[in-house]
Structures are given as structure tokens and as C-alpha cells.
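Quick mapping for you: the protein sequence lines, in order, are chains F and Y. Each residue of the first sequence is one higher than the one before, counting from 1 in the numbering used here. Each residue of the second sequence is one higher than the one before, counting from 539 in the numbering used here.
Treat the hints with care, as some may be off.
The list that follows gives simulated cross-link-like pairs (lysine-lysine, DSSO-like), each with its CA atoms no further than 27 Å apart [what the hints assert, rightly or not]:
hint: 1; chain 1: F; residue 1: K300; chain 2: F; residue 2: K283
hint: 2; chain 1: F; residue 1: K460; chain 2: F; residue 2: K283
hint: 3; chain 1: F; residue 1: K140; chain 2: F; residue 2: K155
hint: 4; chain 1: F; residue 1: K155; chain 2: F; residue 2: K272
hint: 5; chain 1: F; residue 1: K180; chain 2: F; residue 2: K272
hint: 6; chain 1: F; residue 1: K300; chain 2: F; residue 2: K180
hint: 7; chain 1: F; residue 1: K272; chain 2: Y; residue 2: K560
hint: 8; chain 1: F; residue 1: K364; chain 2: Y; residue 2: K614
hint: 9; chain 1: F; residue 1: K307; chain 2: F; residue 2: K283
hint: 10; chain 1: F; residue 1: K180; chain 2: F; residue 2: K155
hint: 11; chain 1: F; residue 1: K283; chain 2: Y; residue 2: K558
hint: 12; chain 1: Y; residue 1: K638; chain 2: Y; residue 2: K652
hint: 13; chain 1: Y; residue 1: K614; chain 2: Y; residue 2: K685
hint: 14; chain 1: Y; residue 1: K685; chain 2: F; residue 2: K283
hint: 15; chain 1: F; residue 1: K283; chain 2: Y; residue 2: K614
hint: 16; chain 1: F; residue 1: K180; chain 2: F; residue 2: K307
hint: 17; chain 1: Y; residue 1: K652; chain 2: F; residue 2: K283
hint: 18; chain 1: F; residue 1: K109; chain 2: F; residue 2: K364
hint: 19; chain 1: Y; residue 1: K614; chain 2: Y; residue 2: K560
hint: 20; chain 1: F; residue 1: K188; chain 2: Y; residue 2: K558
hint: 21; chain 1: F; residue 1: K307; chain 2: F; residue 2: K155
hint: 22; chain 1: F; residue 1: K283; chain 2: Y; residue 2: K638
hint: 23; chain 1: Y; residue 1: K558; chain 2: F; residue 2: K256
hint: 24; chain 1: Y; residue 1: K560; chain 2: F; residue 2: K180
hint: 25; chain 1: F; residue 1: K300; chain 2: Y; residue 2: K560
hint: 26; chain 1: Y; residue 1: K558; chain 2: F; residue 2: K300
hint: 27; chain 1: F; residue 1: K283; chain 2: Y; residue 2: K560
hint: 28; chain 1: Y; residue 1: K685; chain 2: F; residue 2: K256
hint: 29; chain 1: Y; residue 1: K685; chain 2: Y; residue 2: K638
hint: 30; chain 1: Y; residue 1: K560; chain 2: F; residue 2: K188
hint: 31; chain 1: F; residue 1: K256; chain 2: F; residue 2: K140
hint: 32; chain 1: F; residue 1: K256; chain 2: F; residue 2: K272
If you're looking for bench data, these hints aren't it; they were derived computationally from the structure.
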Amino acid sequence: MTSSMTKSSVTTIYIPRDTTALAMGADRLATEIAAEAANRGESVEIIRNGSRGLFWLEPLVEVETTSGRIAYGPVESRDIDSLFDQAFLSGETTHPLCQGLTEEIPYLKKQQRLTFARAGITDPVSLEAYQQLDGFNGLKKALQMDGQSIVDEVKTSGLRGRGGAAFPTGIKWQTVLDAKSAEARDGKQDQKYIVCNADEGDSGTFADRMVMEADPYMLIEGMTIAGLAVGADQGYIYLRSEYPVAHQILNEAIAKAEAAGFLGDNLLNSGKTFHLEVRLGAKAYICGEETSLLESLEGKRGMVRSKPPLPALVGLFGQPTIVNNVLSLAAIPYILSQGGQAYANYGMGRSLGTLPFQLAGNIKRGGLIELAFGVTLRELLEEYGGGTFSGQPMRAVQVGGPLCAYLPESQWDTPMEYESFQAIGAGLGHGGIVVFDNSVDMSEQARFSMEFCVAESCGKCTPCRIGSTRGVEVIDRIRNDENRAANMELLDDLCETMIDGSLCAMGGMTPFPVQSAVKYFPEDFNQPKQAAKGSARS
Amino acid sequence: MTAVNEQLLPVVTEVIAGLKHKPGALLPILHEIQNRLGYIPPDVVPVIAESLNQSRADIHGVISFYHQFRTTAPGKHTVEVCRAEACQAMGARQLEAHAKATLGVDYHGTTGDKNVTLEEVYCLGNCACSPSIRIDDEIVGRVTPEKFDQLIDELRSQTLEVL
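Isolated chain Y, as found in the complex (with noise of 0.2 Å):
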């Protein structure tokens, strides 16, 4: 067994005590790691195991089975594009051409400044605004190539701040 990353391990330690006792854990488990650290760390897979009694396969079959858990970490925004029928029909496949090119990454992929990673989605319940983007925990709809690049120039400029 790897040594977890001593920094993450806290975290991982913390959030399963909280959660453990609850019926059917390992959904809440997986969703607040990912919260707190952006993904689940391959390593912390023999943690939650040992403390939920299950085997490394349990663990790692759940992991792998949801689009929304991630072994990697993210860039900083998470950009999630509607690949679904709604947003189909008002050009979400010319958008998500459109966004692949711009941000010059495939789907799970992160751009170079680590500023984005791109990520498909199945709806996002905005179907009447189509088509949809999400930007971490925002919708934004009726969203157009131009409003895509201007979307993700003020992503950037808000890191330069910050930066």
C-alpha cells in the first residue's frame, strides 16, 4: 500500500468519520472528498476501504463507475458543455467543436495554465434556454461561441486577479 499524501490524509480521515455512520456512505464520502480536494486521490482508495469495511475493488468499482468522480486533479474551473438532444437542436454540437478548439483540450481534458478542464454533461435541466454550459456550480444558458469565449476570458482574468 502506497503512503497517502500526508497533506490529504487529514482531510480524507475527517471527512469519512463524519459520514461513515450514515446508511449507504460512500456516496457522501466520494462527493465531499472531491469538495475538499478537487478529486479522489487513487492513494486514499485503501482509507476509505479499511474504514467502511469493504474491499479496494469496492472502492475503486464506485469511483470508476460515475462520470462525476474524478482521479486526477481538475484545473481550477470545472467547464461542463451539454452534449444533450434539447441542446442539440439549438447547436450545442457546434458549441462543444467551439469549445474543444478554444480551450485546446479534449473532453477530461485541462488546459496548460491548469485554468480549465472541460467535462461533457447530459443536462443540465436548462432545456428551454439551450444550449447550456456550466461553469463549476453556475448554468448559464442561450450560450452562443461568443458568449463561450467571453465566459471564459473573464475565467482568466479573475485568476490574474488573483494572481
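Looking at chain F on its own, in the form it has when it is part of the complex (with noise of 0.2 Å):
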């Protein structure tokens, strides 16, 4: 910022930091736009603020005006000159990339955000800006409360767990209070560990990312509370490798934190300590399996370990340990703060709460809506959405990610909630939505499924490491019409000794897309793939 300027009053402008906003350029157009300020003679500072989650406008510029801030996006270089030119420093709303104030943008506006509250407002590493917006009011509360009513509250709320296997958070912290590591048995001092798994590897989910990029403070608040509920002093961030700007991100805000007392041997002076280290993959998805992730943290090969025992009682190095996704952790300070009955509130049935879904995939507009369970997929993809980014007609939805089924048309009216979408066979996982149009080839999706298993799978049970690549060949005799109806029963024959013989979703759930294929859509599989395309040429 230059004093010397003719016009006295700063104006703010907010261009995201975020993942998205970087693919599509905002580091280059935050450049561009401080130079053509200066040029112009205009005062202005800039905020590398998280994203709002509305990927399709990325990158979101905002501008910062006495009525609140204006949005314009997707902003390009070229589109400079004319922003400046139609003065959007003084709020004016005439370019075509105006969005009118950000908070009335309707997809946002109709979301109930409770975790993603905060994304996009501020500068993720700003622990000013995130105390000001409520930020560790739950780690206050919390460092009042014994464990047992930490955990209690977090019962109360009915949170699930957000990884995608939805067991029950308060259970899960239950066990780890109570348990005793194999030292306090021996009466040294026991050692508990809480571990966040940020392998996000699921194709069409972007949630956690965004929490660690947009309001990372949230993450080390929830980490920390569940250290004080059960009484471990050290953390662990699991991050996939693959995030490297929300590695960049994390470091910077537990450096803040620790610098600050948020973390660290004396927490807000209450003589409580907790310690956080964030870890990376390698490029495994299996690791997003928490005994695997475990594993790996150890640093060994990511195998799945059978189960009992639990990692809640013989964890990470053999001691009790929390293992929650990134998202089960980040509903924990709201939580805390405004009671587990208000988080409650949200849902339906046994589904309590909000889950953030992410559209992505061949959709017009992409992004992050966080909203109570028991929208159906069709508003999402309808209202949200506003149908597929090429203009086809969508074809096929792959709710939860890689390891769950393909939805036909018919079943998009299903709320969505753990036991409706189990109730038709199928998950939702981690909250991701892949859309596809009417140009996808079923048998080739099927088929990438089984590729996919035998490029992840950690190799322990057969059926898994070999059923995969067994399950690729089938499908390959399949689309290229030999033998086909003796085929297609040992694809299913396959797909059922997958699901009974793995230990974990990697062998278990990888048959779940490929049997959704074939059944509800068998017409991708009734003929030869080259005559198929020959056709739909002539």
C-alpha cells in the first residue's frame, strides 16, 4: 500500500488462495490487479482469502464496499481493464461478471453452513480474523469442561463420522476415554493419540481440502478439543500429498497457533498441552483406510490391519487413538460453542447435522454446498448444479466416491441420508457428486473401478489384489463381445467374492460401482464396443 496516492480511502479486495482459484489463475490475477491499480492510481489492498466454495465463479474477486462485498467472477486477465474501467472499486455492479453481494449469491445464500461458516470470509492464517468470527470459543468452553462431558456433548450432537463410514463420533471418543494404554496399565503415563485423516482421496470431493486451505484454525481447534476429551497430548495431521497448497496452509497456521498458545505445553495458560504435526502421504489411496493410515504414520507400508483389535484401543504405536476425518473434527467446534443439541437440530432420522456435499465432475456449477441431511440428489444437481457443464443430458451420478454405486435417473429423488441411500444399495460416503453426461460408457466406468482397485489395493487379501485385476480382464471380454452371458455371471461371481472375502472397502466395495453399472445400465454392456462406437458415428 502507497500513501502517496490521490485517492485517500483503501479499498479491499479479496482473491482466494484456495486450490481451485490458483488452477484457475488467481496468483497471476492478484498480480495483475495490484499493477493495474497502481497504474490507475488506485489504493488497494489485497486479502488471499479461502474460497466461498463456489468453484464455478473461481476466480471469485470480491470487493469490499459500504453495502458489504460484490463478487465478480470467474475474473480472467482480460477482464482488467473493463472491471477498472466500470469502477468495481466503488461498487459499482454493471459488468457482466458482477454476482451482486456475495452473501446473496443464492447458492450460498440458501446453504445452512455450521462447518464452513467462516470459508472464504477471511485470511485462513489470520488468527485475529478467525477470534473475531467465533473462532476457538469451543476451545474455551472446552478447557472448562472435564472429558467426559467434552464427549458427552459431542454424543448429544449426533455427529457421524464424516470419512464415509459414518460409525458414530461419541462412541468413538468414548472408547479412547476410557481406554488404558498398556502403559498406564504399568502405571507409567499414558500416551493417547488423536489423528486426523486428510487422505481426501475420493475423486469429486474437495471438503476437507477446503477446510484445511479456508479455515484451518477450525481443524486445529477440533483436534485439540478431542485431546482435552480424551487425554492425549499429540496430533497428527494424515495429509495426502497431492494438497500441496493446503500443506503450505496448515504449516503456516500451526506455526500461528503454537506461536500463540492455541497449541503447544501450555494451552491459554491452563497448563494443558497438545502438540500437532502434520504428516504426508505418498500417493496411496489406500491410506485413507484408517489402519492403513496408521500404518503409514508408523512408517511402514500402508497394509490394512484386521480389526479387533480397534484402533481406538490399540492405535497409533500400539495406544489408544482417535482416527476422525477432517470434517467429523471441524463440526467439533461449533459443537462445543453453541451445544451439541443446536448441531443436532440439522437432519433427519439418524442423520444429524449438515454434510457439505461436493458437485463436481461434468456439472455446470461446481462447488461446496453445505446443507442438512435430507436434500434430495436431484435439487443438487438441479437447483445447485443447473445441469451439466457441456449442455448434454446427465447420464449417470457417482455419489460418495470410487468405492460406491452409480446412480441412474431414477434414484435421484433419494434424500440424502445414510440409511436412504444404504437402503437402495448405495453410499454417500464422503459427500462427493460426480456427474457424468450422456457421452459416459458404463462398461468403460466398470471397468476403471476394477483398474483403480488393482492400482490401490495394498495387496493383504487375494480377492482384492487379485480379483481386481481378474475383474479388469472379465470386463474386457465383456465389451468385446466374447462369451458374453458367461461373462457377465462370473463378473458377478467375482464382484460377490470380492465384497465377502476383503477386509476393508477397497475389496469390499470396489464391486458396489461395477455391479450399479450392469444393472442400471445393462445396455452399455449388450454389445461389442467398437460396433457400438461404429454406429454412433454412421
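Both chains are sitting in their own frames, so use the hints and assemble them into the complex.
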């Protein structure tokens, strides 16, 4: 900022430093806007905020005005001149890219943001901004409570694990609270751990990434509260290495939180201790499975462990360990500060609270939509998503990641909540929604499910390790019209073997997308692929 | 045991000395060696094994388990193409075919000028603006074949400037 400018007031501009914003050119844009402002003698301060999650509008540039923040997007380099010409710094809303007040954009306004309430508003590593927006209120409350009271509050919230398994978080915490490590049984100091699963490997998901890039202190606060609840003084965030921006932001945030006493040996002068470290994965999808993740954190191959013993009792380095997804831990500060009941007031049935849905793939308006459980898939696809990006009709939607079913249109009115999805043989997983238009070849998608399992199986269980390879071969034969009827039967049999004979979800659920493709899109398995392509062309 | 390349050894021993006190130190050590050298030379395996009091098989097993760790030198830049579903829905299959054809290499291959190593990746978390690629630590969205060529041209001209 220069004070010698002719205009006296400084205008604040927000340009995100989120991965998607950067992938659409936010860094270059920030540099160019700063340069153009200097050229024109305009005094501006550019804040690199997190993303609002309206990804189709990235890079989303916001200008602070007396009536609120006004959004422009998606902004490209070529738009900069016209934005300045049309006085976007003074709150003029005439530019074609102007979206009006950010908070009034229907996509954002209609959401029920509890976990993502702060996302995109501030500089993600500003401790001051975090505290101005209720940050650390949950931690302050937790420091006044005993472990059991904290766990009770989490139980009241009805929170279920957001990684996909949907296990009640409060029950898991109770198990760790009640567990005695081997050392404790010998009268030595008890060691427990809090592990955050940030190995967000499902295609179509980016909610964890957004938490870490837009509001990292919320995750730090949630993990610290978990540590206070069960008596753990060390936490690890196991972060996938595919997220370099999140890595950078988390490390900045942890260093600042330590320096300010929100982490370390004397949390807010309470005498309590909690340390936190980020550990990177190394491109292995299986390490999102909790026992494989623990092996990896211990410095080993990410081989899945048999359960029991549960990680809650014998987890990291053999000690009682909470392993929770980013979104589960990120929900904790709200639950502690507003009360478990406030969280449980959202949702339906046994699916309480909110889920951040993530719209991805061939969709016009992709992004993050946090809503109470119970919204239908169709509402998300049509009202929020606005149809496909390509403009072609939607054909198949994969909800819940690469281990969950492809849904045909007849199932799109299913309420998005755990039990309803289970009833149709599908899953919500981590809330990712990947849309395909009518150019998709579902036998090719089924083949990919098996191929992905070949690449990512840890190799422990034969049905997963070998079955997936055989699965690719069988689907290839079907696609080549070799002995189709017999091979379809063989594929079905193979799927059952994988489901029944695998320790974890990798082998046990890889068949779900395959079986759903066969069941709901049989026409894609009924004709030789070369012939099909030929007829499509003619 | 083969003698470790004398230029590499000080780097490797420094990395190990800085990290071996950490619980579960092996992955952080392997990451840091690869960060510094670009890969994990096979002849440093015995050095790591001895420092951590593990077997060479243990260390080799970990290196070979994870897709990220490589035991040969990569090109100057690493280009990763996302192959996962959200990108498939937006043309990733065509993009990967184009990338292989343009660069003249398959996955894990390095171009003849040692400029670019091509890798596959399953999801970069940019799924609302697919298809995505990663060039070193930078992620790029909505990558068409034309945009891919332009990005590769920029990489090549950067290299020329350096030369």
C-alpha cells in the first residue's frame, strides 16, 4: 500500500489462495490487479482469502463496499481493464461478471453453513480474523469442562464419522476416553493420540481440502478439543501429498497457533498440552483407510490391519487413538461452542447435522454445498448444479467416491442421508457427487473401478489384489463380446467374492460401482464396443 | 554393499540426522530425500536402514509401496495428469492420450530432453473445475489439449531461458 496516492481511501479486494482458485489463475490475477491499481493510482489492499466454495465462479474477486462485499467471477486477466473502467472498486455493479453481494448469491445464501460458516471470508491464517468470527470459543469452553462432559456434548450432537463409515463420533471418543494404554496399566504415563485423516482420496471430494485451506484453525481447534476430551497430548494430521496448498497453509497456521499459545505445552495458560504435526502421505489411496493410515504414520507400508483390536484401543504405535476425518473434527468447535443440541437440530432420522456436499465432474456450477441431511440429490444437481457443463443430458451420478454406486435418474429423488442411501444399495461416503453426461460409457467406468483397485489395493487380501486384475480382464472380454453371458455371470460371482472376502472397503466395495453399472446401465454391456462406436458415428 | 555416490551421501546423512528422532520417521525421511535429490537412489537404502535399525528389505518395501517415491532421476519438471472419475467426466481420457502422444512417453516416462516426467495421479481435489493436471507444485484446472500444449511450451521455454 502506498500512502502517496491521490485517492485517500484504501479499497479491500479479496482474491482466494484456494487450490481451485489458483488452478484457475488466481495468483497471476492478484499480481495483475495490483499492478493495474498502481497504474491508475488506486489504493488497494489485496487479501488472499479462502474460497467460498462457489468454484464455478473462481477466481472469485470480491470488493469490500459500504453495503457489503460484491463478487465478480470468474475473472480472467482480460477482464481487468473493463472492471477498473466500470469502477468496480467503488461498488459499481454494472460489469457483466458482477454477481452482486456475495452473501446474496442464491447458491451460497440457501446453504446451511455450520462447518463452513467462515470459509472464504477471511485470510485463512489470520488468528485475529478467526477469533473475530467466534474462533476458539469451543476450545475455551472445553478447557472449562472435564473429558466426559466434552464427550457427552459430542454424543448429544449425533455427529457420525464424515469420512464415509458414519460411525458415531461420540462413541468412538468414549472408547478412547475409557481406554488404558499398556503404559498406564503399568503405572507409567498414559499416551494417547488424535489422528486426523486428511487423505481425501475420493474423486469428486474437496471439502477437507477447503477446511484446511479456508479455515485451518477450525481443524486445529477441533483436534485440540479431542485431545482434551480423551487425554491425548499429541495429534497428527495425515495429509495427502496431492494437496500442496493445504500443506503450506496448515503449516503456517500451526506455527502461528503455537506462537500464540493455542497449541503447545500450556494451552491458553491452562497448563494443558497439545502438540500437532502434519505428516504427508505419498500417493496411496489405501492410506485413507484408517488402519492403513496408522501403518503409514508409523513409517511402514500402508497395509490394512485386521480389526479387532480397534484403533480406539490399539491404534498409533499401539496406543489408544482417535482417528477422525477432517470434517468430523471440523464440526467439533461448533458443537462445543453452540452445544450438541444446536447441531442435532439439523438433519433427519439418524443422520443429524449437516453434510458438505461436493458437486463435481460434468456440472455447470460445481462447488461445495453444506446443507442438513435430507435434501434430495435432484435438488443438488438441478437447483444448485444447474445441469451439466457440456449442456448434454445427465446420465449417471456417482455419489460417495470411487467405491460407491453409480445412480441412474430413477434414484435421484432419494434423500441424501445415510439410511435412505443404504436402502438403495448406495452410499453417501464423504459427500462427493460426480456427474456424467450421456457420452459416458458405463462399461468403461466399471472397468476403471477394477483398474483403480488394481493400482491401489494394499495387497493383503487375495480377492482384492488378484480379483481386481481378473475383474479388468473379464470386463474387457465382455466389452469385446467374447462369450458375453458366461462372462457376465463370472463378473457377478467375482464381485460377490471380493465383497465377502476382503478385510476393508477397498476390495469390499470396489464391486459396488461395477454392479450398479451392470444393473442400471445394462445397455452399455450388451454390445461390442467397436460396433457401438461405429454405429454412433454413422 | 555398493558405495553411495559421494555427492549424495552428505545430503542423505544430513536429512536422516534431522528427522530420525521423530516417531515413524521413515516417510518424512523419504519425502525429504526425494525433495532434495528428486528421487531416492537405491544405494541410499542401506544407509537409511542402518540409521533406523531396520532391514534393507523394510526400507525397499516402503519405497516400492508408495506411488510417489521413485528410484530413478525424474525430468526437470513432473507433470501429473488426473485419471479419476470427476476428470474422466470432463474428458480426462482424451487428455491423457493427448499428453502421452505430445510428450512421446507413457506414464513414469521422461522426455528425451529430460525436461518432463509424466505421471498419473488419482485426484488433485480440483474436481469442480476438471480436468486437472499438476505441474510440479502447481495445479491447473479446465485443461484442454490446447491448454496442455501451451503449458508444456512454457515449461520448455523456461528451460531454454535457464540454458
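Each hint tested on the structure:
1. Between F:K300 and F:K283 the CA atoms are separated by roughly 14 Å; this keeps the pair inside 27 Å, and the hint holds.
2. Distance check on the hinted pair: F:K460 and F:K283 sit about 18 Å apart at the alpha-carbon level, within 27 Å; holds.
3. Taking the CA atoms of F:K140 and F:K155, the gap is near 19 Å; set against the 27 Å cutoff, the hint holds.
4. For the suggested pair F:K155 and F:K272, the alpha carbons sit about 23 Å apart, so the restraint of at most 27 Å is met.
5. In summary, the hint linking F:K180 to F:K272 is supported, as the alpha carbons are separated by about 19 Å, within the 27 Å threshold.
6. Only pairs whose Cα atoms come within 27 Å are accepted, and F:K300 paired with F:K180 is accepted, the gap being roughly 25 Å.
7. Taken as a hint, the F:K272 and Y:K560 pair is honoured in the structure, with Cα atoms around 22 Å apart against an allowance of 27 Å.
8. For the hint pairing F:K364 with Y:K614, the CA-to-CA distance comes to about 36 Å; that exceeds 27 Å, so the pair is violated.
9. A hinted pair counts as satisfied when its Cα atoms are at most 27 Å apart, and F:K307 with F:K283 qualifies at roughly 24 Å.
10. Note on F:K180 and F:K155: the hinted pairing holds, with a Cα-Cα distance of about 21 Å set against a maximum of 27 Å.
11. With a C-alpha separation of about 22 Å, the suggested pairing of F:K283 with Y:K558 holds against the 27 Å cut-off.
12. The hinted pair formed by Y:K638 and Y:K652 meets the criterion: a straight-line CA distance of about 15 Å does not exceed 27 Å.
13. For the proposed pair Y:K614 and Y:K685, the alpha carbon gap of about 20 Å is at most 27 Å, so the pair holds.
14. Of the supplied pair hints, the one linking Y:K685 and F:K283 holds, its CA atoms being roughly 25 Å apart against a limit of 27 Å.
15. At most 27 Å may separate the alpha-carbon atoms for a hinted pair to count; F:K283 and Y:K614 meet this at roughly 20 Å.
16. For the hint linking F:K180 to F:K307, the alpha-carbon distance of about 18 Å falls within 27 Å, and the restraint holds.
17. Distance hint between Y:K652 and F:K283 is fulfilled; the C-alpha atoms sit about 23 Å from each other, no more than 27 Å.
18. The hinted pair formed by F:K109 and F:K364 meets the criterion: a straight-line CA distance of about 18 Å does not exceed 27 Å.
19. Taking the CA atoms of Y:K614 and Y:K560, the gap is about 31 Å. The hint is violated against a cut of 27 Å.
20. For a cut-off of 27 Å, the pair hint linking F:K188 to Y:K558 stands: about 25 Å separates their Cα positions.
21. A distance of roughly 23 Å separates the Cα atoms of F:K307 and F:K155; the hinted pair therefore holds under the 27 Å criterion.
22. Using a Cα cut-off of 27 Å, the hinted pair F:K283 and Y:K638 holds, with the two alpha carbons roughly 21 Å apart.
23. At most 27 Å may separate the alpha-carbon atoms for a hinted pair to count; Y:K558 and F:K256 meet this at roughly 25 Å.
24. Restraint check: the Cα-Cα separation between Y:K560 and F:K180 comes to about 24 Å, which is no more than 27 Å; the hinted pair holds.
25. Between the alpha carbons of F:K300 and Y:K560 the distance comes to roughly 14 Å, so the proposed pair stays at or under 27 Å and holds.
26. Annotation: proposed proximity of Y:K558 to F:K300 holds, straight-line Cα distance about 14 Å (limit 27 Å).
27. For the hint linking F:K283 to Y:K560, the alpha-carbon distance of about 21 Å falls within 27 Å, and the restraint holds.
28. Distance hint between Y:K685 and F:K256 is unfulfilled; the C-alpha atoms sit about 38 Å from each other, more than 27 Å.
29. A C-alpha spacing of about 15 Å is found between Y:K685 and Y:K638, which places the hinted pair at or below 27 Å, so the restraint holds.
30. About 21 Å separates the Cα atoms of Y:K560 and F:K188, which keeps this hinted pair within 27 Å; it holds.
31. Restraint check for F:K256 and F:K140: satisfied, since their Cα atoms lie roughly 18 Å apart, inside the 27 Å limit.
32. Between F:K256 and F:K272, the direct Cα distance comes to roughly 18 Å. Compliance with the 27 Å bound is thereby established for this hinted pair.
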